[in-house]
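Student: Okay, here's what each chain looks like letter by letter:
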Amino acid sequence: MTGKLVLENLKHRPMRSLLSTLLIGVPVTLILTLVGLSHGMINDSARRTQGIGAHIIVRPPGSSFLSLSGAPLDQRIVDNFFARQPHVQLAVGVVNQPVEGIFLGLTGVDLEKFSQMSGGVEYLEGGPFRASDDVIVDDYYASQHHLHPGDAVRLLNTTWRVSGVFRGGKLAHIIVPIDSLQQKISSTGKISQIYLKLDNPANIPAVMQDLKKRLPDYQIYSMQEMTALYNVNNVPLLSGFIGVVIGVGVVIGFLVVSLSMYMAVLQRTREIGILKSLGASNGFILRMIWVEALALGAGGTLLGIGMSFGAWGLIAAFVPIPVEIVTSWWPIAAGITLAGASFGALYPGLRAARHDPIEALAYE
Amino acid sequence: MSNAQGIIEVRELRKVYRVGSVDVLALRGLDLTVNAGEFLSIVGPSGSGKSTLFHIIGGLTPPTSGHVRVADHDLASLTDAGRTRLRKQTVGFVFQKFNLLPNLTARDNIAVARHIAGMDQKPDPQFEEILRLLGIASRLDHKPNALSGGEQQRIAIARAIVNRPAILLADEPTGNLDSENSCAVLGILRNLNERLGQTILMITHNPEAAVYGHHTVHMRDGKIIERT
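For the record, the sequence lines run as chains A and B. Take the first sequence: its letters are residues 7 to 370, numbered as in our numbering. Take the second sequence: its letters are residues 305 to 532, numbered as in our numbering.
Hints are supplied without guarantee of correctness; some may be wrong.
To be verified - Below, in silico cross-link-like pairs of lysine to aspartate or glutamate (DMTMM-like), each with a Cα-Cα straight-line distance of 20 Å or less:
1. B:K447 x A:E14
2. B:K401 x A:D216
3. B:K401 x A:D85
4. B:K527 x B:D335
In short, the hints are calculated from the structure, not lab data.
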């Protein structure tokens with residue numbers, strides 16, 4: 007019966023119910039979109055790292071796992087040192103240069119050696135570089151920027167010519183000749199990191215142990231370790247930022263529910279008086295308000311999830327960053343919203359419960 | 305329903321309301337006895353204390369002093385929770401303005417009273433008979449705004465007695481009705497009293513309505529001045 011009372015109350019003022027649900031849904035969408043962006047970008051990086059085909063990655067001392075800017079390593083160590091280590095079949099040095107934040111960068115590589123390591127680059131349109139200012143882009147970046155072979159693309163204050171569009175999931179969204187990139191960033195003969203492909207994956211622990219002994223300051227990871235590092239909690243400030251957005255979501259949910267239920271209690275003073283005249287206890291009235299707030303919270307969560315699909319579609323269509331629908335966050339978003347709604351209902355509910363029945367019955 | 309005599313016993317009842325910084329004496333040492341199964345009309349001018357008496361007997365407000373016993377409950381010693389239980393189990397209200405929940409159908413308005421009383425199962429067959437007596441069986445699925453005043457008041461009566469309270473308190477039950485519906489509602493109240501032995505206290509301004517009761521008490525200035 008309480009459910010029916012609540013449902014009829016919500017139906018009785020549909021605009022209030024709809025607006026409250028919408029306002030509760032907005033922070034839910036905000037949280038889910040932010041989480042979707044974080045996961046999308048990180049998983050995209052992880053997928054591309056896995057697609058390289060290497061077994062070990064070697065990074066310069068003091069570098070961040072997530073991104074590299076600059077090229078501090080001498081390129082000669084690739085062939086003179088790493089390629090000569092036992093069980094190393096192929097060593098490829100690359101140069102990374104950020105273009106748009108930490109998640110989009112240019113990667114300079116020797117395409118022939120990289121193709122050997124990764125098992126080949128699959129071209130959907132066009133083909134590999136033929137000139138020093140050629141660039142190949144993956145299908146994701148190409149579709150975002152409507153690029154085809156022969157098109158010009160401006161990056162690092164340079165106009166590049168797209169020579170090919172490759173199937174994504176390997177190394178980077180944008181790949182250029184390593185020599186050209188080294189020249190553009192004034193790092194001729196320098197590289198950012200080195201990928202090693204071994205003769206047998208079973209030798210990964212032994213090779214890593216040996217390298218770590220000989221290069222104690224370098225950051226040496228297996229690709230499996232590297233992929234595992236792609237996690238929201240490992241991105242500096244990101245989990246803190248998500249926490250702030252969640253906090254804002256809770257506060258908005260709390261305020262919306264509090265205001266909405268406060269208005270509802272005012273509008274329904276007489277009805278509360280009627281219920282009290284029938285013997286409804288303070289607990290019954292409080293529970294009725296609380297259930298109604300939870301219903302608004304649940305509706306806001308569902309609407310917020312629905313709107314997050316809309317946000318996902320808009321981002322995918324207009325913004326060149328990967329975004330995912332993270333279903334595991336739906337119950338978390340619901341929990342956050344319902345907690346905000348519960349707290350928001352507390353004051354109006356207690357106020358309603360404490361109404362004097364005679365005054366409430368006389369309320370016009 | 306209690307069949308004991310003196311189901312309502314009121315002695316030296318005083319009620320003082322605080323209005324701003326002024327104390328208003330609404331009841332000034334009132335004595336009243338109502339027997340079980342009695343239909344008592346209470347008449348008097350505005351401000352005579354009728355509604356205050358009604359609210360105290362119904363457990364909507366506590367007495368300031370005096371002795372009030374309603375169906376073996378000593379109202380002076382009842383807490384707020386105790387008065388809530390009294391309203392849930394012992395008394396039923398019928399108001400001048402019907403006071404139906406506007407969002408619920410007539411059926412749900414009656415059901416909510418049973419739900420609050422913790423009786424979610426269907427009413428007993430006798431209640432179905434009462435619904436037929438009230439002439440509202442075919443109107444139960446309508447919301448109050450689709451019902452006439454007379455129909456709303458009959459629903460309110462059904463809601464008030466659905467839990468078989470010992471006492472039915474009716475505050476100007478015909479105040480918002482035309483004469484035809486007034487007669488019908490008063491007839492229903494008398495019928496309930498005669499058929500079920502329902503104890504009824506009815507406040508009214510209307511002397512013609514008052515005669516439906518077995519007895520009439522006249523109030524003035526917070527006291528009963530005459531019982532006929």
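Student: Evaluate each hint against the coordinates.
Tutor: Status of the hints after comparison with the structure:
no.	hint	in the structure
1	B:K447 x A:E14	holds, 11 Å
2	B:K401 x A:D216	violated, 91 Å
3	B:K401 x A:D85	violated, 95 Å
4	B:K527 x B:D335	holds, 8 Å
In summary, the structure is inconsistent with hints 2, 3 from the numbered list given earlier, while agreeing with the others.
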